[in-house]
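Enquirer: One-letter residues, chain by chain:
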Amino acid sequence: MSTASATLETPAQSAASDTILSLNNIEVIYDHVILVLKGVSLHVPRKGIVAILGANGAGKTTTLKAISNLLKAERGEVTKGSIVFDGERVDRMSPNELVRRGCIQVMEGRHCFGHLSIEENLLTGAFTRRDGNAAIRRDLEKIYELFPRLKQRRNSQAGYTSGGEQQMCAVGRAMMSKPKMILLDEPSMGLAPQIVEEIFEIVRRLNAEDGVSFLVAEQNTNMALRYATYGYIMETGRIVMDGEASMLRENEDVKEFYLGVAEGNKKSFREVKSYKRRKRWLS
Amino acid sequence: MTDIAARPAPRLFANPWIKAALITAAIVLAAIVGARLDGSGTLYKIVIDPFQQMVSAPDLLAQTIWEGLVSGVLYALIALGFVLIFKASGVFNFAQGIMVVFSALTLVGLYEMGVPAFLAVILTLGVMFLLAVTIERVVLRPLVNQPDIILFMATFGITYFLIGFGESVFGGNPKRMITEQLYLPSGSIDLKILGGLVSLQKIDIAAAIIASIMIAALGLFFQYTRIGRALRAVADSHKAALSVGISLNQIWVIVWFTAGIVALITGIMWGARSDVSFALEIVALKALPVLILGGFTSIPGAIIGGLIIGIGEKMGEFYWGPLIGGGIESWLAYFIALGFLLFRPQGLFGDKIIERI
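Just so you know, the protein sequences line up as chains Y and W, in that order. Residue numbering for the first sequence is 1 to 283, as defined by the working numbering. Residue numbering for the second sequence is 1001 to 1357, as defined by the working numbering.
These aren't lab readings, by the way, just hints derived from the structure by calculation. We put the CB at the ideal spot given by N, CA and C, even for glycine. It is possible that some hints are incorrect.
Said to hold, decoys possible - Pair ranges (Cβ atoms, derived):
#  : chain 1 : residue 1 : chain 2 : residue 2 : range
1  : W       : SER1277   : Y       : SER82     : 41 to 49 angstroms
2  : Y       : ASP210    : W       : THR1024   : 57 to 65 angstroms
3  : Y       : GLN219    : W       : ASP1148   : 41 to 49 angstroms
4  : W       : LYS1239   : Y       : ASP210    : 24 to 32 angstroms
5  : W       : ILE1282   : Y       : ARG137    : 45 to 53 angstroms
6  : Y       : ASP210    : W       : ILE1227   : 26 to 34 angstroms
7  : Y       : THR236    : W       : TRP1331   : 53 to 61 angstroms
8  : Y       : ALA192    : W       : ALA1030   : 36 to 44 angstroms
9  : Y       : GLU201    : W       : GLY1339   : 51 to 59 angstroms
10 : Y       : LYS151    : W       : TRP1331   : 36 to 44 angstroms
11 : Y       : GLU74     : W       : THR1024   : 47 to 55 angstroms
12 : Y       : ASN133    : W       : GLY1326   : 57 to 65 angstroms
Generate the whole structure from the sequences, applying the supplied hints.
Expert: Right under this line is the structure:
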């Protein structure tokens, strides 16, 4: 924890005014008893792409849900710390209010509305908007331009489209709310590498063209670090390491345990365990 | 679709409709043959005689079908109330029946207090809106994310609360619906057709027309408006709806209010045919077979299910009832529903369960 927060200070302070999202030492408890996040702090610069990496159960999804406040629907609660989005405390806000302010989550596993057509799915994303039908139609065309595949399938029931199309639909649906920031949870889940690449390309494009900030939770460390500028690595509810994406890519430990490439030959499982011990000491 | 040729030919029994048709055909065939051979004539009375009656007295048939149609429309209205709430909040709203009674009582009660009829309608709508808001605040919101059965039990609570509240405010005596004051027609039209007299109650015609208009309006609302789309989205997945910023609380109020409007109209129409009393609540239970038939999630299903149950019930009572001493009407609907459950558990128009494997 100490190392994490120590390295944190630099990017946070240098770009304090230009931080769109910051989590300060938040703690999340499920069902009043299960402590899942044990003090997580992270910062996303405006117009940045930041990745949260880690294995299953590390707390990536919980972190995202704590921000978007979908936690409440799962009997979870932020008990400590603060979340500031765009200069405003948001830890008590409903998802509806957050989407209005421009922070939207794309949930893990897509969650398209299966019985609605692709186009209707996209339109539900515009639920919170008040700027009239014409603007919504214009944005819909923009989404179709980004995802030509969705245009082809605009009238099919979303439940019958492929996993990749559903992921595109979910991202497109989030874009329809005109967000300043998208919390993208596990976009690569269950998708072919080619499709994953396509989706990350779209993320990069949305980031560059529309200035949307992204906080991406991913297990596919390799892919995420190629597109993100900054990364946080989580393990059992804490951030154990963070740094510039390029730095993380070169880090020996990250290479070994998340990217699967070690200098020389493969390591045995026993050594992995000793690494775990070392890391526990680190945090 | 290129792989169609590669698929094995579908087996005849794989399609539930073909299966049902074949079984029905076999039963009918066996019955007709049986009736021919049967000495005592019982089978003849069951399988052949009623149809001969239908053909020989088409005016009676038309009358029966009309009556079935009208009660079918009203069943459909009640079922519609259930479907709306079920789709949006996944709750089987046991209180729908009492909402019908409560809204009708409020309307009549307000009128008796001296409020002009149409103002009373508007005030009753206001009361139904307040009810929707209260239910959302007091019942749904605290129970969000609880298992469905808990919400179901909560609707029992709402039912008994409304019974008690309605009785204490408006009294327990049956009241007369203010039909004339609302300019609903009375009397009947007698048609001399099919070699006899078919009489159509004007109020029934009005009921059918009003119900059709309302159903069409609801359909359009669901299909083409922003809120309607959001309602369907919520029906599909609560979590995903939350994540795109749809406010569940707002949607729930809208849905319960819509169900309240449907309840009021049903209450007026039922009330015009009989009295407004708490006994009306029983009628709501008839919506159950309608829902099983049409599917819990389908508005067209509720309508067609209502019509099938309504007509089936009246025909059964009129043509087959006398064979076992009458009284079929009260249970035939459940019997039909049971048949449907065997072949099509999701109902005629229920959402196909989409699951990717």
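Enquirer: Using the Cβ atoms, figure out if ASN133 (chain Y) sits within 57 to 65 angstroms of GLY1326 (chain W).
Expert: Hint holds: Cβ distance 58 angstroms, inside 57 to 65 angstroms.
Enquirer: For the range 53 to 61 angstroms, tell me whether the beta carbons of THR236 (chain Y) and TRP1331 (chain W) fit it or not.
Expert: holds, 60 angstroms
Enquirer: Given the range 51 to 59 angstroms, decide if the beta-carbon distance of GLU201 (chain Y) to GLY1339 (chain W) lies inside it.
Expert: holds, 55 angstroms
Enquirer: Okay, LYS151 (chain Y) versus TRP1331 (chain W) on CB: inside 36 to 44 angstroms?
Expert: Distance hint for LYS151 (chain Y), TRP1331 (chain W) is violated at roughly 53 angstroms.
Enquirer: Using the Cβ atoms, figure out if ASP210 (chain Y) sits within 57 to 65 angstroms of THR1024 (chain W).
Expert: holds, 60 angstroms
Enquirer: Quick check: does the Cβ-Cβ distance between ALA192 (chain Y) and ALA1030 (chain W) fall within 36 to 44 angstroms?
Expert: Because 56 angstroms falls outside the window, the suggested range is violated.
Enquirer: Given the hint of 41 to 49 angstroms, check if GLN219 (chain Y) and ASP1148 (chain W) actually sit that far apart at their C-beta atoms.
Expert: Given about 33 angstroms between the Cβ atoms, the range is violated.
Enquirer: Taking 26 to 34 angstroms as the hint, is the beta-carbon distance of ASP210 (chain Y) and ILE1227 (chain W) inside that range?
Expert: holds, 28 angstroms
Enquirer: Does the Cβ-Cβ separation between GLU74 (chain Y) and THR1024 (chain W) fall within 47 to 55 angstroms?
Expert: holds, 48 angstroms
Enquirer: Take the C-beta atom of SER1277 (chain W) and the C-beta atom of SER82 (chain Y), compute their distance, and say whether it sits inside 41 to 49 angstroms.
Expert: violated, 58 angstroms
Enquirer: Honestly, do LYS1239 (chain W) and ASP210 (chain Y) meet the 24 to 32 angstroms range at C-beta?
Expert: holds, 26 angstroms
Enquirer: Can you tell me whether the CB distance of ILE1282 (chain W) to ARG137 (chain Y) sits inside 45 to 53 angstroms?
Expert: holds, 49 angstroms
Hint compliance for this structure: hints 1, 3, 8 and 10 are broken, all remaining hints hold.
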